[in-house]
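Trainee: Residues per chain, in single letters:
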Amino acid sequence: MQVTLNIKRFNPESEQPFPYEEEFNVEVEEHFTVLDSLIKVREEIDESLTLRCSCRASICGSCSMRVQGHAKLACKTKIIEVMDSEKRIKIEPMTNQPVVKDLVVDMKLFWDKIRDVRPWLQPEGPEPENEYIASNEAMIHLTGVMGCIMCGACVSDCTVLEVDNNFLGPAALAKAYRFVGDPRDGASKDRLKELSKYSGIWDCTRCYECVEVCPKGVAPMERIMVLRDKAIVAGFDGNYGARHTEAFSSLVEHSGWLDELRMIPKTFGMFNPLSLGPLMGMIPVGLRAFRRGKMPPIFHKSIPGVKNVRRIFKKLEARK
Amino acid sequence: MKYAFFPGCVSRGGAPELYPAVIKVCDRLGIELEEMYGASCTGSGILQEKNEFLGDVLNARTFAMAERLGLTIMNICSTCQGVMSQANKRLKDNPDRLREVNDILNEEGLEYKGTAEIKHLLWVMVEDIGIEELKKKFVRLLPDLKLAPFYGCYIVRPSWALEFESHPGREDSLEALIEAVGATVVDFAGKTRCCGFPILTINEKNSLSMVAKHTSDVQNLGADAMVTPCPLCHLNLDSFQPKAATQAGIKIHMPILHLPQLIGLALGFTPKEMGLGRHIVSPKTVEKKIADITATRV
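These protein sequences, in sequence, are chains A and B. Residues in the first sequence are numbered from 7 upward in steps of one, following the numbering used here. Residues in the second sequence are numbered from -19 upward in steps of one, following the numbering used here.
Watch out, some of these pointers could steer you wrong.
Unchecked claim - Label pairs and their computed distance ranges (CB to CB):
| hint | chain 1 | residue 1 | chain 2 | residue 2 | range |
| --- | --- | --- | --- | --- | --- |
| 1 | A | A140 | B | K(-18) | 51 to 57 angstroms |
| 2 | B | G229 | A | N31 | 42 to 48 angstroms |
| 3 | B | W140 | A | F296 | 39 to 45 angstroms |
| 4 | A | P303 | B | K252 | 34 to 40 angstroms |
| 5 | B | E91 | A | K203 | 29 to 35 angstroms |
| 6 | B | E15 | A | R190 | 50 to 56 angstroms |
Unchecked claim - Covered stretches of chain A (chain B as the covering partner; in silico rule of three or more C-beta atoms under 8 angstroms from a C-beta of chain B):
| hint | stretch |
| --- | --- |
| 7 | 39 to 47 |
| 8 | 204 to 216 |
| 9 | 270 to 281 |
| 10 | 316 to 323 |
Simulated from the structure, these hints should not be mistaken for laboratory data. Keep in mind that this is a model prediction, so the values were computed, not measured. Yeah, the Cβ is synthetic: ideal placement off N, Cα and C, and Gly gets one too.
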C-alpha cells in the first residue's frame, strides 16, 4: 500500500531557514507504524530527514511528534489507524518547544519544569537504619504516574503552554503528584504551597488534551485535580483558583445551580484589597453585558427540590 | 421526538439568548421538550475537583429523573455533555459505585438503573434527525457565510466518555451542520482547543490570550463568524473578546454564534428572533449577508 507523508521540515542551517512541508510517497506494509514509514523515508528517499527514536517499543519516549494534529509516539501509532481516506498522514514536530531540526525539538523547557518540582524524595525525620518502607496500599495510586516515559506529548499539546510557557505544565505537575502522594516524602506541604502559586496547579484549564495524548495512561490532568484538592485540604485556599472552586461548590449547594452573578465577587472577595483590580477590570465587561440584556438574573431562584441537593452535599462532604 | 431537556446554568444566566433560541428551533423541528426543572448543575468539572463522587451522585439524580420520564436527556452545553457522559460511564462501568450512589438517591425515592442516554443538541441534530432530513426543513441556505467551528473541550475529550467508536459522526458533527446550512467551513487547528473560560477568574491573562488566539486565527482565515455548541465558550469568545483584543494589541471583530442560532437562521427565523442582538461582538456583518441572501426553499 502506498501512503503519502506530509512532513513538516526545518533546517536551521539552510540558506532559507524557514519551516516548510514536504511530501513523500512511500510503500508500506499494513503493520507499519508511523516510525517505520519515517525510517523508510530516511533510508530510501532522503537521508537528511531528522528524527529521534530508539526503542521502537513505546518505552524510551524518544519519538514523540504530532501525527494528524495530535502528539503521539510514532513507534506506537499504526499507519492504518491514522491515515485519512486519501491515505495521507500529516507529521509535524511537537509544539510548545523550539524545533532543532525537522521532527526534533529542544526539550530543555520540559526538563527545566521537571526540575522545578524537585523530582526527588525529601524524607523527614532521622534516616532509618535500613530502607524506607512504604506499603503496597500506599503506593498503588502512584503506579499510573510512575509509568511516565518523559516523552513530552502532554507538554506538546497543552493548551496553556501554547499561550504561556511559564506554566509548569502537565508532565511536571504529574511528577509533582508522584512525590506529594508518596508516603515517604516529608515535604508534601511545602510542595503544595509552591504548586498553588501562579503558573502552578490552578492555571490548568482542565481541557483533557494531556489525558488524551499521553501514550502511557498517566492522565496528568487528573493528577492536577487531585493536587488541587490536596492543596485546599492542606490550607492553601486563599488563591483565586481555590476560591473559585469553593465559591462554585457553595453556590451550587445553595440553589442547585450556578448563580453566575455572585460567582465573580465570591471568587475575588468583595473586601480583599488585592481583588480591587480584577473586580474593576470586570466592570466594562459587565456594563457591555448589561446594555445587551445579557446579565444573569439578580434574584436567583433555587431549583425545585433543592433540599435534596443540599442533603447530598452535606452527607458527602461530611463523609469526605 | 421527545427529550428530557437539561438547559444547564448559563443558558438561563450569562447567555440568556441561548434558551429561547433552543425552544424556538426545537418547536419548529417538531422536537418536544420536557424540561427537567428539578435537575441540578452537573458540577462542570469544578465540583469534581473537590469530590468526584459527589458530582456523580448529583448527575445520577438527573439521570434517574430522565429514566422515570423514559426519555433521552438533551442538553445544550459541551461542558454539561462531557461531565454527564463521564459520570454516566463511571456509573455504567462500576456496579459497586452505582449501588453506593443509589443508597443516597433512595432517600429521595430515586433510583438510577444505569440506562440513561445523554445527547447534546448537536448530536440530536446529526444522529436523531439526520443531516438530510434537516436540509429538507431549511428554508434559507447561507452560502455566502464562512463559518469556523469551535467545539468546546468536553464534547471532544476525553474520548473514553463520548462513545466516538459507536458514533463516528460525532467528531465532525459541527462541520457537517455548517455544511448543511450551505455555509463554508473555515477549518482551523484551534477548533477543538480550550477557549480559556475555566481559568478566567484564575489567570485572566492566559484566558484572554486563548480568546485572542482563536478569534484572530479565524479572522485571518477569512471567517465571518465562529459557531459553538458551548455557551461557556460563547461567553469567553464573545463577552471577553474586546478585552482580549486590547490585551493582544490587535483589532479583532469576530462574531460568535450559538449552534441553535445558526440552525434557527437556516430554518427561517430572523436574527432578532434568534437573539443575535444580545451578543457583545456585533454580528451585523453576518446579519447583512443573511439579509442579502434570497430566501431559498431547499
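Trainee: Indicate, hint by hint, whether the structure satisfies it.
Mentor: Structure-based check of each hint:
In this structure the supplied range 51 to 57 angstroms holds for A140 of chain A paired with K(-18) of chain B, their Cβ-Cβ distance being about 55 angstroms. For G229 of chain B paired with N31 of chain A, a C-beta distance near 44 angstroms keeps the hint of 42 to 48 angstroms intact. Judged by the Cβ atoms, the range 39 to 45 angstroms given for W140 of chain B and F296 of chain A holds: they are separated by roughly 41 angstroms. Distance hint for P303 of chain A and K252 of chain B: a CB-CB separation of about 22 angstroms, inconsistent with the stated range 34 to 40 angstroms.
At roughly 45 angstroms, the beta carbons of E91 of chain B and K203 of chain A sit outside the given window of 29 to 35 angstroms. Between E15 of chain B and R190 of chain A, the C-beta spacing of about 53 angstroms keeps the proposed range 50 to 56 angstroms intact. Figure legend: the stretch 39 to 47 of chain A, annotated as covered by chain B; annotation inconsistent (0 residues with Cβ-Cβ distances under 8 angstroms, at least 3 required). A stretch counts as covered by a chain when three or more of its residues have a beta carbon under 8 angstroms from one of that chain; for the stretch 204 to 216 of chain A and chain B the count is 9, and the coverage holds.
With a cut-off of 8 angstroms between beta carbons, the stretch 270 to 281 of chain A has 3 residues touching chain B; three or more are needed, and the interface restraint holds. Residue count for the stretch 316 to 323 of chain A with a Cβ under 8 angstroms from a Cβ of chain B: 6. That meets the three needed, and the coverage hint holds.
Against the hints set out earlier in the document, violations occur for numbers 4, 5 and 7.
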